[in-house]
Amino acid sequence: MSTRRQWWKTALGVVLTALMLFPIYWMINVSLTPGERMRQTPPDWFPTSPTFEGYAAVLRDQLPALGTSLLVGVCTAALTVAVAAPAGFALAKLSPLGGGPLHFVLVIAQMIPGIIMAMGFYSLYLSVGGLDTWWGLVIADSTLAVPFGALVFTAFMSAVPDEIIQAARIDGAGLWRTFRSVVLPASRNAVVTVSLFAFLWAWSDFVFANTLNGSGDVRPITLGIYRYIGNNDQDWNSIMATAVVASVPAAVLLVVAQRYVAAGVTAGAVKD
Amino acid sequence: MTGARARRVLTATALVLGLAAACSGPGADGRGGERDYRFWDPYTQFGDDSEWAALVADCGRRAGVSLHRTGYDGSDLTTRAILAGQQGSSPDVLVLDNPVVTTLAEGELLLPVDELPVDLGDFEENLLESGELDGTRYGVPIGANTLALYYNADVLADAEVDPAAIHDWADLSAALTEISAKGHRGITFAAIGNEEGTYQFLPWFWGSGADLEELDSPAAVAALRLWKGWLDADLAPNSVINNNQTTSWQEFETGTYGFALNGTWQLANARASGIDFGVIPIPSRHGGPAPGAAGGEMVTVPVQEDPRRYERSRAIVECLVSDDNLLTTDTVLSYVAPVEALTARQRAEDPELSPWISAVREARGRTANDLGTRYPLISENLWTAVGNALSGAETPQDALAFAQEAVTSDFGR
Amino acid sequence: MTTAPNRSGPRRRWPSPRTTAWGFLAPLVVYLVAFYLYPLLRNLDLSLRDHTVRSFVRNDAPFVWLDNYVRVVTSAAFAPALWNTLVFTALSLVFQYGIGLALAVFFHQHFRLSVPLRALFLVPWLLPLIVSASTWSWMLNSESGVVNSVLTAFGADPVNWLTSPQYSLLAVLVANIWIGIPFNLVLLYSGLRNIPPRLHEAAALDGAGGWQRFWRITMPLLRPVSAITLLLGLVYTLKVFDIIWIMTQGGPGNSSTTLATWSYELGFGSLLPRFGPGAAVGNLLILIALFFGVIHIRVQRRQEAA
Numbered sequence: 001m002s003t004r005r006q007w008w009k010t011a012l013g014v015v016l017t018a019l020m021l022f023p024i025y026w027m028i029n030v031s032l033t034p035g036e037r038m039r040q041t042p043p044d045w046f047p048t049s050p051t052f053e054g055y056a057a058v059l060r061d062q063l064p065a066l067g068t069s070l071l072v073g074v075c076t077a078a079l080t081v082a083v084a085a086p087a088g089f090a091l092a093k094l095s096p097l098g099g100g101p102l103h104f105v106l107v108i109a110q111m112i113p114g115i116i117m118a119m120g121f122y123s124l125y126l127s128v129g130g131l132d133t134w135w136g137l138v139i140a141d142s143t144l145a146v147p148f149g150a151l152v153f154t155a156f157m158s159a160v161p162d163e164i165i166q167a168a169r170i171d172g173a174g175l176w177r178t179f180r181s182v183v184l185p186a187s188r189n190a191v192v193t194v195s196l197f198a199f200l201w202a203w204s205d206f207v208f209a210n211t212l213n214g215s216g217d218v219r220p221i222t223l224g225i226y227r228y229i230g231n232n233d234q235d236w237n238s239i240m241a242t243a244v245v246a247s248v249p250a251a252v253l254l255v256v257a258q259r260y261v262a263a264g265v266t267a268g269a270v271k272d
Numbered sequence: 001m002t003g004a005r006a007r008r009v010l011t012a013t014a015l016v017l018g019l020a021a022a023c024s025g026p027g028a029d030g031r032g033g034e035r036d037y038r039f040w041d042p043y044t045q046f047g048d049d050s051e052w053a054a055l056v057a058d059c060g061r062r063a064g065v066s067l068h069r070t071g072y073d074g075s076d077l078t079t080r081a082i083l084a085g086q087q088g089s090s091p092d093v094l095v096l097d098n099p100v101v102t103t104l105a106e107g108e109l110l111l112p113v114d115e116l117p118v119d120l121g122d123f124e125e126n127l128l129e130s131g132e133l134d135g136t137r138y139g140v141p142i143g144a145n146t147l148a149l150y151y152n153a154d155v156l157a158d159a160e161v162d163p164a165a166i167h168d169w170a171d172l173s174a175a176l177t178e179i180s181a182k183g184h185r186g187i188t189f190a191a192i193g194n195e196e197g198t199y200q201f202l203p204w205f206w207g208s209g210a211d212l213e214e215l216d217s218p219a220a221v222a223a224l225r226l227w228k229g230w231l232d233a234d235l236a237p238n239s240v241i242n243n244n245q246t247t248s249w250q251e252f253e254t255g256t257y258g259f260a261l262n263g264t265w266q267l268a269n270a271r272a273s274g275i276d277f278g279v280i281p282i283p284s285r286h287g288g289p290a291p292g293a294a295g296g297e298m299v300t301v302p303v304q305e306d307p308r309r310y311e312r313s314r315a316i317v318e319c320l321v322s323d324d325n326l327l328t329t330d331t332v333l334s335y336v337a338p339v340e341a342l343t344a345r346q347r348a349e350d351p352e353l354s355p356w357i358s359a360v361r362e363a364r365g366r367t368a369n370d371l372g373t374r375y376p377l378i379s380e381n382l383w384t385a386v387g388n389a390l391s392g393a394e395t396p397q398d399a400l401a402f403a404q405e406a407v408t409s410d411f412g413r
Numbered sequence: 001m002t003t004a005p006n007r008s009g010p011r012r013r014w015p016s017p018r019t020t021a022w023g024f025l026a027p028l029v030v031y032l033v034a035f036y037l038y039p040l041l042r043n044l045d046l047s048l049r050d051h052t053v054r055s056f057v058r059n060d061a062p063f064v065w066l067d068n069y070v071r072v073v074t075s076a077a078f079a080p081a082l083w084n085t086l087v088f089t090a091l092s093l094v095f096q097y098g099i100g101l102a103l104a105v106f107f108h109q110h111f112r113l114s115v116p117l118r119a120l121f122l123v124p125w126l127l128p129l130i131v132s133a134s135t136w137s138w139m140l141n142s143e144s145g146v147v148n149s150v151l152t153a154f155g156a157d158p159v160n161w162l163t164s165p166q167y168s169l170l171a172v173l174v175a176n177i178w179i180g181i182p183f184n185l186v187l188l189y190s191g192l193r194n195i196p197p198r199l200h201e202a203a204a205l206d207g208a209g210g211w212q213r214f215w216r217i218t219m220p221l222l223r224p225v226s227a228i229t230l231l232l233g234l235v236y237t238l239k240v241f242d243i244i245w246i247m248t249q250g251g252p253g254n255s256s257t258t259l260a261t262w263s264y265e266l267g268f269g270s271l272l273p274r275f276g277p278g279a280a281v282g283n284l285l286i287l288i289a290l291f292f293g294v295i296h297i298r299v300q301r302r303q304e305a306a
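Chains as they are written, first to last, in UniProt numbering: chain A, 1 to 272; chain B, 1 to 413; chain C, 1 to 306.
Think of the hints as simulated: they come from the structure by calculation, not from any bench.
Backbone N, C-alpha and C define an ideal beta-carbon position, used for all residues, glycine too.
Please note that the accuracy of each hint is not assured.
[Stated by the list, open to error] No farther apart than 25 Å at their CA atoms in a straight line, the calculated lysine to any residue pairs in the SDA-like style are these:
no., chain 1, residue 1, chain 2, residue 2
1, B, K228, C, Q166
2, B, K182, B, A157
3, B, K228, B, R271
4, B, K228, C, T152
5, A, K9, C, G209
6, A, K9, C, P197
7, A, K9, A, Y25
[To be verified] Some, not all, of what chain B presents toward chain C, calculated at C-beta under 8 Å:
no., residue
8, Q86
9, E195
10, E214
11, P218
12, P237
13, N388
14, G392
Next up, chain A with everything else stripped away, as it sits in the complex (with noise of 0.2 Å):
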């Protein structure tokens, strides 16, 4: 009996996979539909006769572009995790004055629109000279990541037990190494994390690439798929088919890691 209901029950879990999904099939039916066939009515359902100049542009055009994406991606990561994790374990263990506020000042950060702080940006780096630089973008997009990679650690370092800590200080560790060779450790899921969201985040990012790296050889992917939405020519096969490449990393990594994602998201926002 239970098997039978188990088919049915896949069967539906399927069907309603291709519904959520439909969305990222027609985005790829899309890039390989010729131009003269893209804005007819009705639309192809299937792409007949496809054509692959899209990806072909995105293999000549856009390989600098997947660089500088993963460069800026792994680098605010790195930058993300060492604000936050030092951070977090201060918040968590040493109940530092102030701590509270803090705490707070870290929920209300996360809910400045992220057009504000681009203009904000724009503006400093116009003075220091952070534009069309990939550091500059790197500051910029950990912004994204940085309140939540705090309240993750905090949450993720609250459940790492005193008796390891003293028994690390009885052995004479200062506070530093304490957590460097202890607690950082103890809590690598909340780096894994913490990495990977601020690495999706920052692949995904296009208000700050736009603002700030506009122009100049460091453009992320997101970028790349915004140059071809020219002033007077749109060229939607290169831009859908760099979508399609542009999301394989994020799909993978997100498929691949989708554990600490869980855990991640729910041990930044239930402390328990």
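Got chain A sorted already, so can you dock chains B and C onto it with the hints?
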């Protein structure tokens, strides 16, 4: 093992911060050196390997500077230029869409052309006036374009419509009805809520005898009713409300539309599309061609802290607008040259440009007649009114009345 | 770095002087001041001055107190923008949460393929927003959109999703809900996993049906996770900008304008930037977020107390 991982993370971070510090010296953004010049334009479609980029770089070389060209999205280039001006880091040469030149000039961000100086003697008067504020000129036209009606000859033949016989609005609407009766689509245009929407509407607005000083005149309402009537009768697709000129062009390229309202720059695409196309002027309400809006960009020189930089900026501008280079630029952009002698050469090289050259000569500057810096506000309210009327949120009469009210009360809706 | 050894018993968390903690917090605090405070103060300053292009460039715009705020709040566009923001946020939350919860319960039943299917469900979440939004505007296009093509195939009239004032908000809502479902699914699913199965077993022995068990056991025990899910969803939805801007630019008219898109439109989206009012709208949005932020903290406190 995990300790090692954590250490790697920290090492990486240290590396990042160190490199960041290393990069942050002067010159990282290309404005450090005396010979480093910056050049901004709205041509994002041209990458570093384009003919346009090569031309810009070459002019920089001739002026003895290393010229860093950046293409920004047209819709936020204005804001970017203003912010840069505020921070005292304007580019040395700035190519701008013509209706915003006066706005930047009003902010004292641009150097008058006379002070460079560049000789404007040969340029067409109607193109120069877009860059004029209080009798002073701030921009050199780099090329011009305007709108006309492309038609699909096969569709028109099927509906037995003769494009040459379309002289006024009634003729055009009748033709659209014929086309629609044969199962084709009538016309597509772009009424998106930004400058493109206003730009597309102006030939009908002016062709009806309306004036930008009075958005709710009966003539203006008539023009908006014409568009609204096409949508209501399904002679134009509803998607025009969100169409920009590119999307609208893609609709035309499907081959199902009789007409498309589009610009000079689509000529190359039209040829490549395989559609048997032709071009007629936009008819005015009571007959004869309607005046379009003069489109196209201007080269400007933003104000710099160090006036010694102007000498080389002038050399760059002069190089860009020298006859041969101008012709190259306008060929690349598919624009009409802003100088009469050059249009003759263009006409000789490409007879199909002829109707466009005539249309550009008739085109009006959007900021002309002392509208100047008030134009952006008027335009914004006009495109909003067009969108509201076409989508059925308001009647054309009400929409335009609200727009006029909003213009006079300064703050948008 | 070194501190006195712990002498005050195991109940104390960490014996070091609490000020030492600030050594660890310093990077974060410097970071927050440099990269959050500066943009915020700048935005506040922008919103309190009356800018023209010229005065903006010269940095001598007159200080006008709350004039920009008054102008914004009394303008005809304010009420629709606020209303759209509230409707957009509320409906997004209700549907994201409802659908997310239904899916979480469904996937919690561990049928064949449930794990890979659930993983696939997460993909839309981390597509770059510019991609998702572009794809949705393709699908909902009046003429060449696949949604209308399906509607006509079933004999229904096509709908002008993006170009009619009645439907544009619905269109961006659908896209936003789609993007938000995975987030809700992930959180609620992990919440479900933390509910001990024996509770369900015991209730089943007592004769409670599936529906009853859901309302009597699952929902109450899921309440903390639900509260946080909704609140996080709220703060992320309030500032949604890219999706709406790419799909409708807030139009037609202002039928899909929210505070976030309006702020951008004033500052960047037209020929003549109006920095003052744009910044004022942005700050109003922050105030609203602040209000919910306080609720967030309250809820978290109460949860910790419970």
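How the hints compare with the structure:
{"no.": "1", "hint": "B:K228 x C:Q166", "in the structure": "holds (17 Å)"}
{"no.": "2", "hint": "B:K182 x B:A157", "in the structure": "holds (11 Å)"}
{"no.": "3", "hint": "B:K228 x B:R271", "in the structure": "violated (30 Å)"}
{"no.": "4", "hint": "B:K228 x C:T152", "in the structure": "holds (24 Å)"}
{"no.": "5", "hint": "A:K9 x C:G209", "in the structure": "holds (19 Å)"}
{"no.": "6", "hint": "A:K9 x C:P197", "in the structure": "holds (20 Å)"}
{"no.": "7", "hint": "A:K9 x A:Y25", "in the structure": "holds (23 Å)"}
{"no.": "8", "hint": "Q86", "in the structure": "holds (5 Å)"}
{"no.": "9", "hint": "E195", "in the structure": "holds (6 Å)"}
{"no.": "10", "hint": "E214", "in the structure": "violated (20 Å)"}
{"no.": "11", "hint": "P218", "in the structure": "violated (23 Å)"}
{"no.": "12", "hint": "P237", "in the structure": "holds (5 Å)"}
{"no.": "13", "hint": "N388", "in the structure": "holds (4 Å)"}
{"no.": "14", "hint": "G392", "in the structure": "holds (7 Å)"}
Checked against the numbered hints given earlier, the structure breaks hints 3, 10 and 11 and satisfies all the rest.
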